[in-house]
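Basically this note's numbering = 1-based index in the sequence shown + 7.
Calculated cross-link-like contacts (lysine to aspartate or glutamate; reagent style EDC-like; alpha-carbon spacing at most 20 Å): (1) 280 <-> 133; (2) 168 <-> 81; (3) 280 <-> 29; (4) 229 <-> 255; (5) 280 <-> 123; (6) 84 <-> 250; (7) 168 <-> 250; (8) 195 <-> 123.
Hints in this document: simulated from the structure, not taken from any laboratory.
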Amino acid sequence: MNTTTATTTTNATTPSPWRAPEISLRWWPVFLRNLLVWRKLAIPSLIGNIAEPLIWLVAFGYGMGALVGQVAVDGVKVPYILFLASGSICMSAMNAASFEALYSAFSRMHVQKTWDGIMNAPVGLDDIVMAEMLWAAFKSIFTVTAILFVMLGLGISHSPKLIVAWLVLIGAGITFSSIALIFNALAKGYDFFTYYFTLFMTPMMFMSGVFFPLEQLPSAVKAVAAWLPLTNAVALVRPLFMDQWPADWWLHAGVLAVYAVVAFWIALALTRKRFKA
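Throw the hints in and build the complete structure from the sequences for me.
Written out as structure tokens, the structure is:
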């Protein structure tokens, strides 16, 4: 009888991992810690994140662009290099945020046990997850800012609305870092992330209008692609590259916001389960 009562009391007092986030300003020292560590490897990290999207841009934008010529976007003909650039910069935000929230965050959480050390200080797990999400988003916007300057130098677009596109890419970085943290909480090793990149990110790259218009897809695939986060990021950024305001911007921004909020909550709950917090 006493054992049953004790068990019932323990279960009653155990907080649910799905409770509301308990965020304080103590996430900032964790964010700053990641920044100070990253400063030692900033140049090679930046070169690695910028080189791949620029290779895509040069190879496909100038190489295939010479064959394709122009692409119709909402009835407007634009050079293929502009079409590709506006999509690939969204893809770069996705890749940079995802890589940081997966491999680097997993190293700090599981391999190096950095999170355990931080929680010995008066910093909660929720603040750590919040800091990791914002840090991954910061890494992505650092990357896309550098790419944006290269695109400006190449004369791909000089629209003043690129400032708004930069703000949209910040939101995209937050969305993709939140999604990636779900898989970080589930992972038992680095090999697990292959599923995320192969089964989620790679198909999304080809279904979101980065390399070719969505109108080329079958109607069933197009219906699914319309709700992917990368599709909505591209739908917001591409018109801004064309010096136009995106149609139905509230819908695309809302989809990204819902993904970010729901994914962060799920990632936080799964991380709490992993740490039994």
